[in-house]
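Going down the list, the sequences are from chains A and B.
Numbering follows the numbering used here, with no gaps: position 301 of the first sequence is 288.
Numbering follows the numbering used here, with no gaps: position 202 of the second sequence is 207.
If you are wondering where the hints come from, they were derived from the structure by calculation, not from laboratory data.
Keep in mind it's a predicted model, so treat the numbers as computed, not measured.
We put the beta carbon where it would ideally sit given N, CA and C, even for glycine.
Careful, some of the hints might be misleading.
As the list claims (entries may be wrong) - Covered stretches of chain A, as calculated for chain B (at least 3 residues, CB under 8 Å):
#: 1; stretch: 4 to 14
#: 2; stretch: 116 to 130
#: 3; stretch: 158 to 164
#: 4; stretch: 266 to 279
#: 5; stretch: 326 to 339
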Amino acid sequence: MRSPRTPLAWLNLTYERRRLLTALAGVCFAVLLMFMFRGFENALYDSQVQLLKLLNGDAVMVNRLKSNMFVPEQFARNRLYQAQAFEGVEAAYAFYTTTGNWKNPETKRVRPLRILAFNPSDPVLPLPGILANRETLRLPWTALVDVKSRPEVGPTRAGVVTELAEQQVELVGTYSLGTDFASANGNIVMSDQNFLRYFANLGPEEDSRTLNTVDIGLLVFDPEADPDDIVAQLQSQIPNDVQIFTKAAFVERELDYWRNNTNIGFVFSLLTSMSFVVGIILVYQILYTNVADHQAEYATLKAMGYSNQYLLKVVLQQALILGVLGFLPGYFISLVLYRMTADATGLLMQMTLGRGVNILLATVLMCLISGAIAVREVQATDPADVFG
Amino acid sequence: MRTSLALLNLLHERTRLLVAIAGVAFAVILMFMNLGFLGALSQTAAQFYTRFNADLFLISPQALEITSAKAFPRERLYQVAGVEGVQRVMPLYINYLQWRNPETSESRAIFAFGINPDDPAFALPELESAAGKAALRQPNVVFFDRLSRPEYGPQDIGTVTEADRRKITIVGQYELGGGFSADGTVIMSDQNFRRLFDPFPLSQISLGLIQLSDNTNPEVARNAVASLLPADVEVFTQAGIIARDRDYWINTTSTGFIFGMGVAVSLVVGVVIVYQILYTDISSHLKQYATLKAMGYRSRFLVSTVLQEALILAILGYIPGLIVAVLLYQITLAATSGTLPVSMTLTRMGFVLILTVLMCGVSGLVSVNKVIQTDPAEVF
Chain A
-12 MRSPRTPLAW LNLTYERRRL LTALAGVCFA VLLMFMFRGF ENALYDSQVQ LLKLLNGDAV
48 MVNRLKSNMF VPEQFARNRL YQAQAFEGVE AAYAFYTTTG NWKNPETKRV RPLRILAFNP
108 SDPVLPLPGI LANRETLRLP WTALVDVKSR PEVGPTRAGV VTELAEQQVE LVGTYSLGTD
168 FASANGNIVM SDQNFLRYFA NLGPEEDSRT LNTVDIGLLV FDPEADPDDI VAQLQSQIPN
228 DVQIFTKAAF VERELDYWRN NTNIGFVFSL LTSMSFVVGI ILVYQILYTN VADHQAEYAT
288 LKAMGYSNQY LLKVVLQQAL ILGVLGFLPG YFISLVLYRM TADATGLLMQ MTLGRGVNIL
348 LATVLMCLIS GAIAVREVQA TDPADVFG
Chain B
6 MRTSLALLNL LHERTRLLVA IAGVAFAVIL MFMNLGFLGA LSQTAAQFYT RFNADLFLIS
66 PQALEITSAK AFPRERLYQV AGVEGVQRVM PLYINYLQWR NPETSESRAI FAFGINPDDP
126 AFALPELESA AGKAALRQPN VVFFDRLSRP EYGPQDIGTV TEADRRKITI VGQYELGGGF
186 SADGTVIMSD QNFRRLFDPF PLSQISLGLI QLSDNTNPEV ARNAVASLLP ADVEVFTQAG
246 IIARDRDYWI NTTSTGFIFG MGVAVSLVVG VVIVYQILYT DISSHLKQYA TLKAMGYRSR
306 FLVSTVLQEA LILAILGYIP GLIVAVLLYQ ITLAATSGTL PVSMTLTRMG FVLILTVLMC
366 GVSGLVSVNK VIQTDPAEVF
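This is chain B alone, in the form it adopts within the complex (with noise of 0.2 Å):
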């Protein structure tokens, strides 16, 4: 073929062309939105097990994801810290707290983590110091996650403010982020989760940590674990427990069916738009099609030629579709204060992209029928 004759077609009319590729680009941001808040969802899914210092999890089969974990014996964290390849056993106590704003006097669920100080359970580098673990060891004091709403009001250290009826004061920041089931976080002292807390006994633990000596495989001694356990409690990876939570939020809840709509009628909006451009610049080029006919080029020529037009328009959509999502992932970031995480993926970005190749490619099947059906004689 000397002549691109794919992109000159496209070329000849540029402000059609232009339209062509702001409808393709549309399409595709709308795609990359729905599959953002998906991702997001997912991730926040993930975030806070990717957060502890943890190899292994002990959980309550009751449970439907972290936040609503049922308690079970804290005798099962020490029925399991002999096992071979067992480095460190630590409990993690969580509950909602109603926390109230100090300016508006309003007071609203906030996540609260109950560790022992003296537990690496979080990777966070504010509770690994001296400092910080002298911080929250003292009576009725919290750590503030940087990342949370900012309905809760002021984050600062030292602030002073109710929180079950108790005074609470902040004496240290982190950064966690809460995700979809907690608009917010804050960690404390064991003693302190059972003055907050309290008829809760710290004999009945939320989630148990299990940290592994470097050269043990998890899955070995995740089954190991498991095999000690009665069944009141489920043993996973840390990839296994991300997949259990991430099942949940995704498949229970209707958000994973919500979305998964949302790129299925971007999708179809998508075909009708190329499918319009293809139909258009057929219809009025039809003259020289039929002519091509006439001079003997074959069917397979010209379905050739408009399927080029189509992937084209999906190159030249998705890139400035790509910029845009971009832009809106960062404005969605800012708008949410950082609680809804949406951040581009190379998976993804590669997933839309074969989106938008086959929702171009279809509707250029679907109007090629026309070229195919072209009679030479209406060169005339």
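Bound-form chain A, shown alone (with noise of 0.2 Å):
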């Protein structure tokens, strides 16, 4: 085997200078359509687990039942009060959510939004805008909004006057959190005096609350401590009405559900999936016409004595290169979409370091596999095709 001594795979690729750019336009827009696609359906699982990933604590206590956020079970607050009295646990927080019916001032229209609330003494949900109106929350008749709530919610800014369940609230502070499917509008947070105040006495169509059912626990361990095993532990002596999870499990659970339970994951799995096909297309057209071009040299080549392996790796060569450089303003182009999308939608689009490095590997893959089926034109090449 030779050692190539040119880079024909380089010198062929930028030979025309605007087919080049017509090819890499092509990868960028494979790249496109699957960070797309991936975005979304990203985006919605995110969203789902981003309020249970700001939670501060190491494990998080839910009722038996509670088999993801949608399920409105609540468990004895005693148990969390049991779950205190273990070694390694420092302290366990009370986590109460509700949906209360929420008037926009300007509108006048009721939309449903989720009430998150807690003691302000705990240290629940560290967000700037909580903990820096921790005092203000205790007043009664007072919330904070989400500043990421939907545009149907109103005007979301201190001072606001509305009502909420039927009953005046004021408007004392705002934080940034963000919606997800079980608080399609927006989040409120209020302290448990609070929620009492609201939610305790109810008309008989809805279920009234008091603070001693609660809908989420939170335990923070010794940071000395195992958490799995304090769980383990935990989970062993407590009455089993009550499941424990550390935090990460509980976020893996409920991701599972979202993932495996519900057509949105098969929904975008099966979009993902056909872009990455229609990318393997794209970049064979390119590759393919790139080699149908070249036929005459491609068989110059192996007349004079190249082995087919050496054109393989030439084209694949290309292919890679037609990869990486297509992916980097694939790249920067979705993340342009992404921004936009978030604005457009409050939908959480991330993109983080594993996802782009996901994507850039698929794309190698897809380059590959098209070079790969590209190639065949070469290896058939008959060396009197040089006459072609």
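Could you fit the two chains together into a complex? Lean on the hints.
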């Protein structure tokens, strides 16, 4: 095997600048397509667990029946006190959630919002806007509103006075969280005492709430201790009407529910895999054209004694160069589109290093598959084609 | 034109043509899938309402869509029962119920309808028979939707399980489908609804169903009914309430945006694919095009040739795309156990065909520039 002295793949590609640009645009669009569908899928999953990830706690305690955040089952607050007595458990916080009707002060239209309530002394949800307003939250009939709520909620700023669950409420501050399926319109944060004021005495058609039943219990562990050990110990000692998970396991369980038990997972994995196939076709087209154009040259190389393997290498190199060069603009355009989508819809479009690398690998794989198909043309080249 | 230059140009290299067709076909499939999912969404929004035996609907103005319907006083229904043309009024109770899968013991929210067994609220044959009504009237029983997701466990008649801490027996089945907002549905008598959702009173209803006599114009009746009622309820015709729910799903949730974007991106990718083909084709036939020009053919002829090629590609790619999309719809239907009702409609077929032709046309126009600029001297 001769070592190639001239970068044939590179020269082949750059021989015609305009065609190279078109080819890169093609790869770039395939990359874009994958990024977009993947991005939507991730946005839907990410938004489901963003609240859970922000909650302060090493472990989470929930009712055994609460298989996902949509199940409105609570457990007795005593279980939290029991857990607090265990060695390694430093603190246990109660977190209450429910849905309350919010009146948009401008349009007077009513929208259901998710209510998040806890004792303001407990660092349950350590977001800057919430920490800054811990004292004002204690005032009766007050709440904080999420600035990322949907526009249907109305103005999101301190000082707004409107109605929540048909009672007056004053906004004393804002914080930034975002929406998900369970809180389609937005989130309201309030103190546990105010939670009682609004939701303890509802009409017969609504479930009244007390502070004795908790939606989510948060456990903070001694940093020295192994969380898995404590969780295992708690689970074996505390009555099994509650389930205890490390936070990571709880987040994973929630994601699992959305991935496997809803149609969303299926819809987007189908679209993502199809965009991969479209990418293969696009790149194949580009490489095939390139190979077909240089048929005579490839035939000459063969006539000179170069092996099929060498030609395969050249085409695969071209595929790889196209993949990497096309990925970069695709990546940057996706970043812009992610931002635009996030602004237009409030979806949580996040680009992480892992996801970028994932798509890069998919792109390279896509190009290599296309290259492997396109190269069959070269390998079938008859040295006699040199006269073609 | 005696020779079909466009067709011959394309047929000249078979492999390239096949790849081109595959490219267009995939862009077509992607568009069909995105539109299919969007269509399924708006169809499921309509699904419940088309299965009710009602011409007019009363709903609280606070409801976003049917599953978030807020209760309003049952008196509203009685207030309009005497309006001319109103034949029957029926209350409907709805709520989410935690249904335990008897095999895995996992609970999952299921959408529950409560009806008076004597009211023909649903156009479902199983509920209309005397035996069905008698079965529904027993305490602590439900009819179970065959189109519910498999996670709810066995659906057979006689299955006993637990729902909201109460023992429940399945005594019948029907086919309705829950759409996007519900993974499954059950129907029960109003008395059982009262038992399960205690203390929810039957005097508060979620949806009011109004049947009109045959020769009544629904729009006229709607206006008559609306003028009688206070602002705590809204009155809709069937088409009106379907449009209301559809608007919520498509515009208020981000779903419309996501799939709309999906169609747009697929369209752009399609343009790029077709452009690649046409551009390559033109580059490799540049000499011939120059010859044609030198022979006196005008640019317009060359443009029309390229556009014809684009059109041929569009149609040849559209046909396999359509066939594969129909297959994928079937697969989707099977994979989601019928809960995502994607189906091909004539309008969608027409719409995607138009988009495909536009897509290829745009690519044709972009790539044709090169031909127009062809210098007859390039023949050498």
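Can you take a look at whether the stretch 326 to 339 of chain A is actually covered by chain B? Rule is 3+ residues, C-beta closer than 8 Å.
Three-residue rule met by the stretch 326 to 339 of chain A, so holds; n is 5.
Given that the stretch 266 to 279 of chain A was listed as covered by chain B, double-check it with a C-beta distance under 8 Å for 3 or more residues.
holds (count 8)
Is the coverage entry for the stretch 4 to 14 of chain A by chain B consistent with the three-residue Cβ rule at 8 Å?
Since three or more residues must qualify, the claim that chain B covers the stretch 4 to 14 of chain A holds, with 5 doing so at under 8 Å.
At a Cβ distance under 8 Å, does chain B reach at least three residues of the stretch 158 to 164 of chain A?
violated (count 0)
Go check the stretch 116 to 130 of chain A versus chain B for me, would you? Three or more residues, Cβ under 8 Å, otherwise it fails.
violated (count 0)
Checked against the numbered hints above, the structure breaks hints 2 and 3 and satisfies the rest.
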